[in-house]
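Modelling step: build the complete structure from the supplied sequences, incorporating the hints.
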Amino acid sequence: MRPRFFLMTWLIACYAFFYAPIAFLIVLSFNASRLVTAWAGFSPRWYVTLAHDRGLIDAALLSLRIAALSATLALIVGTLAGYALARFGRFRARAAFAAAVAAPLVLPEVITGLSLLLLFVTLEQTIGWPAQRGAITVTLAHASVSVAYVAVVVRARLADAGTTLEEAATDLYAPPWRAFALITVPLLAPALISGWLLAFTLSLDDVVVASFTSGPGASTLPMVVFSTLKLGPTPELYALATVIVAVVTVVLVVVGRVQRGR
Amino acid sequence: MLRTRTLVLVIPWAWLALFLLAPTAVVLKIALSAPADGVPPYTPLLHWIGGIPQLDATWDNFALILNDPLYRDAFVLSLRVAGFSTLVCLLAGYPMALAIARAPEHRRNALLLALMLPFWTGFLMRINAWIGLLQDDGWINAALVFCHLSPVQLLYTDNAMYIGIVYTYLPFMVLPLYARLSRLDPTLLEAAGDLGAPPWRTFLSVTLPLSLPGVWAGALLVLVPAVGEYVIPELLGGPQAQLIGRVLWDEFFANRDWPTAAALACMLLVVLLLVPACGLRLFLSLRGARRRSNPPPGEPMLAMQDIAPSPRFSQ
Numbered sequence: 001m002r003p004r005f006f007l008m009t010w011l012i013a014c015y016a017f018f019y020a021p022i023a024f025l026i027v028l029s030f031n032a033s034r035l036v037t038a039w040a041g042f043s044p045r046w047y048v049t050l051a052h053d054r055g056l057i058d059a060a061l062l063s064l065r066i067a068a069l070s071a072t073l074a075l076i077v078g079t080l081a082g083y084a085l086a087r088f089g090r091f092r093a094r095a096a097f098a099a100a101v102a103a104p105l106v107l108p109e110v111i112t113g114l115s116l117l118l119l120f121v122t123l124e125q126t127i128g129w130p131a132q133r134g135a136i137t138v139t140l141a142h143a144s145v146s147v148a149y150v151a152v153v154v155r156a157r158l159a160d161a162g163t164t165l166e167e168a169a170t171d172l173y174a175p176p177w178r179a180f181a182l183i184t185v186p187l188l189a190p191a192l193i194s195g196w197l198l199a200f201t202l203s204l205d206d207v208v209v210a211s212f213t214s215g216p217g218a219s220t221l222p223m224v225v226f227s228t229l230k231l232g233p234t235p236e237l238y239a240l241a242t243v244i245v246a247v248v249t250v251v252l253v254v255v256g257r258v259q260r261g262r
Numbered sequence: 263m264l265r266t267r268t269l270v271l272v273i274p275w276a277w278l279a280l281f282l283l284a285p286t287a288v289v290l291k292i293a294l295s296a297p298a299d300g301v302p303p304y305t306p307l308l309h310w311i312g313g314i315p316q317l318d319a320t321w322d323n324f325a326l327i328l329n330d331p332l333y334r335d336a337f338v339l340s341l342r343v344a345g346f347s348t349l350v351c352l353l354a355g356y357p358m359a360l361a362i363a364r365a366p367e368h369r370r371n372a373l374l375l376a377l378m379l380p381f382w383t384g385f386l387m388r389i390n391a392w393i394g395l396l397q398d399d400g401w402i403n404a405a406l407v408f409c410h411l412s413p414v415q416l417l418y419t420d421n422a423m424y425i426g427i428v429y430t431y432l433p434f435m436v437l438p439l440y441a442r443l444s445r446l447d448p449t450l451l452e453a454a455g456d457l458g459a460p461p462w463r464t465f466l467s468v469t470l471p472l473s474l475p476g477v478w479a480g481a482l483l484v485l486v487p488a489v490g491e492y493v494i495p496e497l498l499g500g501p502q503a504q505l506i507g508r509v510l511w512d513e514f515f516a517n518r519d520w521p522t523a524a525a526l527a528c529m530l531l532v533v534l535l536l537v538p539a540c541g542l543r544l545f546l547s548l549r550g551a552r553r554r555s556n557p558p559p560g561e562p563m564l565a566m567q568d569i570a571p572s573p574r575f576s577q
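Note that the protein sequences, when read in sequence, are chains R and U. In case it helps, the numbering used here puts the first sequence at residues 1 to 262. In case it helps, the numbering used here puts the second sequence at residues 263 to 577.
Some hints could be false.
Pairs of lysine to aspartate or glutamate residues, derived as EDC-like cross-links and limited to a Cα-Cα distance of at most 16 Å, are as follows [claimed, not checked]:
#, chain 1, residue 1, chain 2, residue 2
1, U, 291, U, 322
2, R, 230, U, 330
3, U, 291, U, 519
4, R, 230, U, 496
5, U, 291, U, 335
To give a feel for the contact side, a few chain R residues facing chain U, derived at Cβ under 10 Å [said to hold, decoys possible]:
#, residue
6, 3
7, 19
8, 77
9, 111
10, 113
11, 122
12, 134
13, 136
14, 204
To give an idea of the chain U side of the interface with chain R (calculated C-beta under 7 Å), a few residues [unchecked claim]:
#, residue
15, 393
16, 487
17, 490
Since the hints were derived computationally from the structure, they do not count as laboratory data. Just so it is clear, CB atoms sit at the ideal spot from N, CA and C, and this is done for glycine as well.
Below, the structure is given as structure tokens:
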């Protein structure tokens with residue numbers, strides 16, 4: 001059983017590699033020192049600083065709004081695309097459709113960001129909308145990336161669930177819309193939740209696309225964090241990271257409970 | 263029924279036309295324009311002279327990129343960095359995926375969740391932690407000094423950049439590998455063992471060939487975003503780490519040279535289409551050499567389930 005022992009040791013080492021930096025963030029967020037490189041005793045002072053940092057809080061609220069709106073948009077379009085790919089069999093230009101839907105998954109962020117910004121600039125010149133770049137353009141840009149992720153999740157779920165239940169409903173004389181509402185939607189619900197959450201996180205995490213497509217006065221949280229980080233890490237950012245870790249853990253536990261309760 | 267289908271398809275198609283096809287066309291258009299002082303900083307592609315449209319396209323931006331060693335070096339460096347990172351991810355990720363796939367079934371979902379958990383904590387925050395760890399007076403150097411070793415410069419070196427890229431993209435290598443390896447028929451391994459194959463032989467002639475589509479999918483998911491990576495070289499790599507994403511960014515934001523940035527995006531796209539295509543050819547020829555035949559027509563080379571993790575996990 002030597003290979004098994006090696007595999008397990010390696011797995012533990014890799015998980016340690018993943019979690020060590022996060023543990024480091026949490027510990028150092030309670031550091032009393034202004035320096036992130038020296039331990040000067042336990043103190044919650046950076047959480048107090050964080051709670052009074054208007055700039056960071058405003059950026060966080062803006063990011064949450066953009067993430068929620070773009071995830072909802074992506075959910076609508078991505079579900080339609082994923083449904084078509086999973087259930088429509090062959091249709092005209094299906095291969096092109098599948099490739100176009102999946103393209104943002106593998107496009108580098110700099111290309112996505114640049115091309116969407118140039119699109120918005122061209123639109124502004126030709127039809128006068130969007131008149132200014134800001135929260136709206138970032139929301140649209142994030143939604144256009146997230147559609148691909150939602151479509152993948154929805155499509156995988158539908159392919160996994162098969163069509164037997166819907167066929168049974170139709171055999172029992174349910175009209176198509178009823179079969180859809182009573183069978184397909186409940187089947188899809190977990191995929192819809194995870195697709196929305198995935199799109200939400202992607203938007204909250206993005207700095208490149210947002211930097212390209214945003215305008216003056218609309219800096220998202222990652223944009224603010226990124227410009228601060230260029231000057232060096234601060235304990236306040238560690239406190240922010242710890243808050244994010246705590247929120248994510250709570251959300252995951254709650255979602256896990258709800259799904260297990262089903 | 264046909265009408266409903268059309269209605270369902272119209273919205274995604276319109277969306278894709280607006281947010282994928284139109285931006286691509288706009289980038290190409292601006293890549294063919296000349297830079298100019300003004301808002302926006304490029305010349306229009308169409309001139310109207312006496313009611314007759316005159317096309318004013320120029321290949322200068324592409325010629326500049328192909329001839330200037332700055333851009334050539336950036337492309338070569340990006341491919342080298344991304345290629346090496348992909349290799350490291352593969353070597354580290356394969357045993358991980360194998361370990362998760364061979365773990366008892368009730369532990370697998372927890373292990374997969376633990377793999378994705380760092381992803382939920384924010385990309386910049388994790389880079390932030392690495393800066394604190396790798397700094398000249400950071401905690402790794404403190405540990406070295408504590409062990410009576412001399413400190414080394416880690417931050418703003420290529421090593422720091424590689425650590426950042428591998429740390430960020432390793433899960434994207436492990437997930438498709440796991441998706442393949444967990445569906446491997448265990449009776450095949452038993453059969454190989456019964457026929458007297460030692461474990462390494464079973465691995466080389468059964469496990470590895472059957473997991474190749476997962477290897478391919480994982481490599482694609484790491485290589486392609488790594489080639490265009492901007493944030494990691496900017497924050498962890500030094501000023502010498504001029505990857506193409508960074509050059510494009512500076513061309514756009516610092517130099518305000520939109521046509522060159524657009525042309526760089528086009529070139530990057532071409533490179534990214536060529537690299538997987540070459541890889542696919544290589545893969546097919548290796549596979550063809552093994553089987554002396556092409557894969558059966560019904561079997562897609564790279565299925566969606568290779569990229570997406572198992573459906574149960576993705577819920």
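Results of checking the hints against the structure:
1. 291/U x 322/U: 13 Å, holds
2. 230/R x 330/U: Violated, at about 28 Å.
3. 291/U x 519/U: 14 Å, holds
4. 230/R x 496/U: Holds, at about 8 Å.
5. 291/U x 335/U: Outside the cut-off at roughly 25 Å; violated.
6. 3: 6 Å, holds
7. 19: Holds. Min distance 7 Å.
8. 77: Holds, because the Cβ-Cβ distance from residue 77/R to chain U comes to roughly 5 Å (cut-off 10 Å).
9. 111: 5 Å, holds
10. 113: Holds, about 9 Å.
11. 122: 5 Å, holds
12. 134: 17 Å, violated
13. 136: Violated: closest Cβ of chain U sits about 13 Å from residue 136/R, beyond 10 Å.
14. 204: Because about 7 Å separates residue 204/R from the closest Cβ in chain U, which is inside the 10 Å limit, the hint holds.
15. 393: OK, holds: residue 393/U within 7 Å of chain R, min 5 Å.
16. 487: Nearest chain R Cβ about 6 Å off; hint holds.
17. 490: Hint holds; residue 490/U Cβ to chain R Cβ min 2 Å, cut 7 Å.
Against the hints set out earlier in the document, violations occur for numbers 2, 5, 12, 13.
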